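Chains as they are written, first to last, in my numbering: chain Z, 343 to 597; chain F, 35 to 250.
Source of the hints: derived by calculation from the structure; they are not laboratory data.
Since this is a predicted model, take the numbers as computed values, not measurements.
Be aware that one or more of the hints could be misleading.
Unchecked claim - Straight-line C-alpha distance at most 35 Å; calculated DSBU-like pairs for lysine-lysine:
#1 Z:K481 - Z:K355
#2 F:K71 - Z:K355
#3 Z:K474 - Z:K379
#4 F:K141 - Z:K379
Said to hold, decoys possible - Covered by chain Z, according to a simulated footprint, are these stretches of chain F (three or more residues, beta-carbon under 8 Å):
#5 63 to 76
#6 108 to 122
#7 139 to 148
#8 214 to 225
Just so you know, even glycine gets a beta-carbon here, dropped at the ideal spot from N, CA and C.
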Amino acid sequence: MLTKRVIPCMDVKNGRVVKGINFVDLRDAGDPVELAKVYDREGADEVIFLDITATSDNRATTIDLASRAAAELRIPYTVGGGFRDISGARTMIAAGADKISMCSAALRNPELITLASRALGSQAVIVAIDAKRVGNGDKWEAYVAGGRIPTGVDAIAWAEEAARRGAGEILLTSMDCDGTQDGFDIPLTRTVARAVPIPVIASGGVGKLEHFAEGIIDGEADAVLAASVFHFGTFSIRQVKEYMAGEGIPVRLDF
Amino acid sequence: MAPRIVIIDYHKGNLLSVARSLSDVGAEVEITDDPGKIASAGALVLPGVGSFEDAMGFLNESGEGAALVDALSRCVPFLGICLGEHLIMESGDESESGFCEGLGGVKGTVRRLESSTLKVPHVGWDQLELTEVGRRCPLFEGVSSGAHVYFTHSYALSDDLNEDVIAARTDYTRAFPSAIWNGENLFAVQFHPEKSSTVGLRILENFVRLVPGSIA
Chain Z
343 MLTKRVIPCM DVKNGRVVKG INFVDLRDAG DPVELAKVYD REGADEVIFL DITATSDNRA
403 TTIDLASRAA AELRIPYTVG GGFRDISGAR TMIAAGADKI SMCSAALRNP ELITLASRAL
463 GSQAVIVAID AKRVGNGDKW EAYVAGGRIP TGVDAIAWAE EAARRGAGEI LLTSMDCDGT
523 QDGFDIPLTR TVARAVPIPV IASGGVGKLE HFAEGIIDGE ADAVLAASVF HFGTFSIRQV
583 KEYMAGEGIP VRLDF
Chain F
35 MAPRIVIIDY HKGNLLSVAR SLSDVGAEVE ITDDPGKIAS AGALVLPGVG SFEDAMGFLN
95 ESGEGAALVD ALSRCVPFLG ICLGEHLIME SGDESESGFC EGLGGVKGTV RRLESSTLKV
155 PHVGWDQLEL TEVGRRCPLF EGVSSGAHVY FTHSYALSDD LNEDVIAART DYTRAFPSAI
215 WNGENLFAVQ FHPEKSSTVG LRILENFVRL VPGSIA
């Protein structure tokens, strides 16, 4: 049976992992590839490197990261952030990334999703959506620029359009829940999961083991993403997967 | 001397993870697009993602395809991965104009996965159900039936293959053949062993052990 995935995400700035790291046995805990190798050994199903470098000056660093990851990792990985055009996406895949993830660039120019999925295949194109609740109802707005700029675009309609244009997956981050450790935004995750015919990766808010299972069972997500709880060593990937298996979720434990 | 494996480069993607995985398990690896080197190789790996028709076009034009068929006639160990598995078949239906001829190493065709309920492409970690052939297959020594490996594909082998060559099946939209073995030198898998963590490395290690020059 196709398993549900557990994905650690690393925010990378100028080639270095940001957010706290709690791995004492690492030669270089700030090196995203070294950290990803630990997650690979621990049973991560894939990893995501999110380039949050504000300027485009360090693109070469990110391409270098992608090619080092190709040599070192034995699981698939995604590079996200900083894409402006199709050639940038192509370069990253040529460097060895299995998938690329686009957020602001796709919202500014939705045609980019169409072009990327044609050029690279849908399986290689993730559209990342940063969504924030509007008012009290089940309505969310998509943000760009790392969640700084509201767009007025309805997040659900945007997810539908991304899927129609050939996105292979939606990486859905709740800005309301991100950093709270109170769990995923279940209504948001479920609404998007039901609206699109492609896998949804739930992101933002994990603090407890129960949250991972909730994202899959109640949120109907295909994958769950977390950063700090893994970086700080609150949970190991195996612990999360064993918990999920105990809740009846199909996960990969033979690693 | 380490066992030498030639990876066939047909200019459709990054071969670094395949190359590094093979060298991690003890092979000396050369990536080449030179038909001469392919024809005289002691062992071959044909990796790949992308379109069947594009890849066949390149393999035919470059002479790599003919060199590969040549090498196979000498019974050298061969491993096809993902699109490489499809290309070794008689034909695939990936072409817009219908069936496109493959390398013809194994009898059978390739067809798209179809489903109204399941998502296609089939992407992620799924299980190998080893057949009786698979349980005898040296590629899967030490690998349990039900092991998880990484898939990413929209097309898969159809059901017109001889049962004798099907080493594993995976059930997604249909129970498609996910690994084949001709009983001798030819192995091909739908999943990506180079992206399949320890299970994948075990499979690659098993392949390397079949290569001349290997200690085991």
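Checked hints:
1. Annotation: proposed proximity of K481 (chain Z) to K355 (chain Z) holds, straight-line Cα distance about 32 Å (limit 35 Å).
2. The straight-line distance between the Cα atoms of K71 (chain F) and K355 (chain Z) is roughly 43 Å, outside the 35 Å bound, and the hint therefore fails.
3. Simply put, K474 (chain Z) and K379 (chain Z) have alpha-carbon atoms about 33 Å apart, close enough for the 35 Å limit, and the pair holds.
4. Restraint check for K141 (chain F) and K379 (chain Z): not satisfied, since their Cα atoms lie roughly 40 Å apart, outside the 35 Å limit.
5. Restraint check on the segment 63 to 76 of chain F versus chain Z: 0 residues with Cβ-Cβ distances below 8 Å, three needed, restraint violated.
6. Chain Z is given as covering the segment 108 to 122 of chain F, and this is violated because 0 residues of the stretch bring a CB closer than 8 Å to a CB of that chain, at least three being needed.
7. Note: the segment 139 to 148 of chain F has 0 residues with beta-carbon separation from chain Z under 8 Å; the three-residue rule is not met and the coverage is violated.
8. Coverage of a stretch by a chain is defined here by at least three residues with a beta carbon nearer than 8 Å to that chain's beta carbons; for the segment 214 to 225 of chain F and chain Z the count is 0, and the condition is violated.
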